[in-house]
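Working from the sequences, and respecting the hints, build out all of it.
Read off the chains here:
Protein chains: 2
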Amino acid sequence: MSTSNLEAIFNPRSIAIVGVSTKATRGQLGGNNYLDAMISCGFRGPLYPVNPKGGEVRGLTVYPSVGDIPGPVDYVVSAIPASGALQLTKDCAAKGVKAIHFFTSGFSELGRPEGIKLEKDVLAIAREHGIRVVGPNCMGVYVPSSGVSFLSDLCNESGQVGIICQSGGNAIYVLREAANRGVRFSKAVSYGNASDVNECDLMEYMADDPDTGIIMAYIEGVKDAPRFKKALQRAASRKPVIVLKVGVTESGARAAASHTGSLSGADRVWDGLLQQVNAVRTSTIEEWIDMAVTFTFFSEPVGRRVALLGLGGGATVLAGDEATKEGLVIPAFPDEMRRRTAALLGSEAGTIINNPMDLSAEAWNVGYYPVLKVFDEYKDVDLSIVHLSLGLIARPPDTHREIWDKLVDDIVRARKDFRKPIVVVIQMATSPDHYCWMLEAREKLYRAGIAVYNSIRHASRSGTRLLRYYERKNASGR
Amino acid sequence: MSTSNLEAIFNPRSIAIVGVSTKATRGQLGGNNYLDAMISCGFRGPLYPVNPKGGEVRGLTVYPSVGDIPGPVDYVVSAIPASGALQLTKDCAAKGVKAIHFFTSGFSELGRPEGIKLEKDVLAIAREHGIRVVGPNCMGVYVPSSGVSFLSDLCNESGQVGIICQSGGNAIYVLREAANRGVRFSKAVSYGNASDVNECDLMEYMADDPDTGIIMAYIEGVKDAPRFKKALQRAASRKPVIVLKVGVTESGARAAASHTGSLSGADRVWDGLLQQVNAVRTSTIEEWIDMAVTFTFFSEPVGRRVALLGLGGGATVLAGDEATKEGLVIPAFPDEMRRRTAALLGSEAGTIINNPMDLSAEAWNVGYYPVLKVFDEYKDVDLSIVHLSLGLIARPPDTHREIWDKLVDDIVRARKDFRKPIVVVIQMATSPDHYCWMLEAREKLYRAGIAVYNSIRHASRSGTRLLRYYERKNASGR
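Keeping their order, the protein sequence lines are chains E and S.
Each step along the first sequence adds one to the number in this note's numbering, with nothing skipped, and position 82 is 88.
Each step along the second sequence adds one to the number in this note's numbering, with nothing skipped, and position 459 is 465.
Heads up, a few of these hints could be off.
Since the list gives no way to pick one copy over another, a pair counts as held whenever it fits inside one copy or between any two copies.
[Stated by the list, open to error] Straight line, CA to CA, 27 Å or less: simulated DSS-like cross-link-like pairs of lysine-lysine:
(1) 29 - 412
(2) 229 - 331
(3) 126 - 236
Hints are computed from structural coordinates only; laboratory data are not their basis.
Below you can see the structure in the form of structure tokens.
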């Protein structure tokens with residue numbers, strides 16, 4: 007199969023959702039979830055709910071079968087039990103449908119002959135009629151620019167990150183949490199058992215996709231290793247590819263086999279391949295998101311010499327340790343620069359005037375702007391990292407919100423006025439108020455073009471990975 | 007100095023707080039914070055606010071000086087500028103005060119002769135009159151059973167964990183966040199510059215303290231290495247000691263020197279010492295809290311063979327990988343046990359019926375109780391770990407709270423009815439609703455005696471550390 011006919015998946019003109027109920031379905035994750043998601047995401051073409059009983063749902067006519075739909079149908083979402091999958095595929099073939107997404111599970115992932123056979127039979131009919139199949143056993147497709155989505159609460163703004171993700175749950179988490187940190191998506195596909203559309207198709211497609219500038223791939227296993235290698239190589243030569251390869255331990259591989267029928271492959275083979283093509287390998291889902299944040303906000307490398315600024319003496323000692331352990335350089339400030347900073351504050355009591363710097367007691371009055379200005383003008387650092395460590399400050403945002411807001415506003419202003427990048431770490435929330443403040447602060451910061459991380463460790467590790475990516479890219483002359 | 011006269015610090019009969027303002031001081035972290043904290047914590051003896059201007063605050067008479075206080079004063083908190091510290095110490099000596107805590111900063115930590123001299127002069131007067139000094143440059147003392155506190159929002163319940171922590175901010179974070187996970191404290195001391203009361207005094211005291219069963223120590227540096235080694239050895243032979251040694255890199259050590267005037271010492275020397283005495287070394291503040299949680303909820307070792315249960319196929323693959331990488335064993339379930347679990351569910355579609363196990367689609371109806379019962383009866387696992395991965399589930403607690411609550415109630419019931427321990431991981435919050443639900447779920451769980459962690463990685467690493475602690479303890483015959 008070529009990747010050209012994936013257009014019906016990413017940009018369908020009409021969608022039928024099979025397995026929609028006209029009764030309340032709260033707590034059920036079936037067809038109605040897909041109907042709600044497409045409506046929330048602003049799908050502009052016709053939406054056709056399907057249920058043998060007919061009726062009406064969300065103001066739309068429910069059709070008894072795909073064949074009863076009056077207009078042409080590009081894309082079908084199946085949320086019916088596996089037992090109906092074969093007949094549905096036949097109906098879709100007769101209707102001229104171009105792609106079916108099977109949310110439906112109960113196929114080869116069960117590891118039993120009948121499930122494997124059913125998956126093969128569905129695919130045979132689909133292939134015969136040129137129908138692309140997404141899944142089965144997956145959340146499916148999210149393309150905010152097309153109004154295609156699999157959950158109502160996902161962000162409707164578009165961006166440059168494409169996600170290839172066997173797991174629906176992990177895709178959901180990334181779409182929610184990376185969006186909280188300013189990452190926006192071109193498209194995301196959770197493709198489950200990968201009976202037809204698989205990691206190779208998607209990697210080939212995204213390599214060429216002008217809407218996708220960064221690729222995130224969560225891989226449990228691949229079915230065609232040579233083709234995947236070639237697709238990955240091509241994609242990674244054109245844009246950053248961030249890989250989370252899982253199933254790397256015996257128990258993880260066992261779960262992957264049962265989850266999506268995947269064979270995980272040896273971990274060190276993956277390590278070699280990913281290094282060879284300069285794909286960025288991450289080892290946790292948090293790091294995977296961190297690199298999407300990093301490539302979103304940094305389109306070129308920055309040096310590793312950092313000025314570290316934050317609140318709290320102990321937090322500052324920890325920050326120095328963590329940044330250094332993760333490969334950043336925190337150069338001591340020369341006396342003149344220390345004097346200049348101290349002069350801003352009026353007093354040094356309760357502060358650490360060096361690098362890393364702690365302005366706990368004094369920062370409230372002076373703010374961060376003048377200090378970040380001194381950092382910006384200092385020739386021996388490449389960027390600043392500011393940490394806002396919520397739970398360790400005696401005056402938390404619960405009761406001193408205006409002070410915390412001022413610090414964020416200062417950072418936003420500094421980002422606009424100064425030359426060097428600023429990165430922010432917001433960490434150690436211990437109350438709902440902290441958490442809510444963090445979400446609001448993150449949004450102010452990312453809308454100003456600032457990358458936000460959850461710890462100094464994560465920010466530093468991401469920075470080191472960014473540098474290594476560009477070093478290798480430049481060394482290979484690409 | 008001996009440790010016996012630390013009683014005036016941990017159990018004072020009366021407290022004077024010097025530097026209390028009768029005006030509103032929102033945003034200021036001075037004497038009024040201490041006054042509020044002691045009142046919130048329920049201090050039962052007389053509280054004497056002190057300010058040269060006199061007046062009244064929170065219904066209490068403000069005395070112009072310590073000498074003007076009518077009754078005896080055991081313990082004084084100084085929140086005045088460093089320039090008044092010497093006179094205050096003289097006043098305290100004349101009054102017969104037993105201990106002074108200097109929240110006041112501007113002493114040796116500035117690294118300048120005048121600050122160093124002031125600290126020495128204060129100490130000389132204090133020593134001459136048998137006054138113990140906490141600090142300067144620190145948050146001070148928290149003893150919930152005595153009603154002594156340094157912040158109004160700390161937990162008033164007492165427990166068995168004692169904290170030795172140079173850094174006030176880090177102490178605050180731990181007191182807030184570990185409390186959110188069910189850890190309760192006997193006492194905590196942030197001792198800053200350690201001019202008098204230092205890590206040796208506190209380690210010696212807590213080794214013998216019947217109220218302290220677990221010791222957490224955050225160390226930037228020690229001033230008397232042989233004495234500290236001896237104190238640590240004695241403490242660690244009697245109870246678990248969890249150490250977070252910071253200032254282990256050049257930049258961290260620079261910050262520590264400026265923060266509390268500490269010399270950090272070589273990292274590998276610390277590694278050797280901590281291994282030798284079987285103190286548990288952690289490398290981040292999160293791990294430090296994790297081990298306090300672990301020792302609080304596990305007073306004896308548990309095996310490393312785990313049944314892993316959770317929601318979400320991808321999350322389950324990751325869980326298997328992370329637990330295995332951190333040294334736990336996730337044995338595959340035999341066919342008979344898989345059949346038994348499948349029979350509970352009615353269908354296997356959308357699930358992973360093995361170890362690790364994913365019950366996404368079916369768990370909502372069946373619940374966790376019957377599955378945990380099967381785990382409990384299976385001879386080849388020592389405990390169960392359940393992960394509740396909030397942000398990756400399409401039906402989040404925002405809209406399906408009753409389902410999530412049922413899962414937690416099932417775990418609580420299983421903990422009461424079954425023999426083997428259950429550990430819970432709540433992770434991947436992506437909204438304020440998730441975060442609030444997490445805090446409530448944590449409390450239900452820890453009140454049922456269940457340890458809660460923030461990731462499979464953290465839970466597994468903590469379990470491995472617990473096992474190693476007991477292996478070494480048993481090997482040494484202690």
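Quiz item: Quick check: which numbered hints come out false for this structure?
Solution: Structure breaks no hint.
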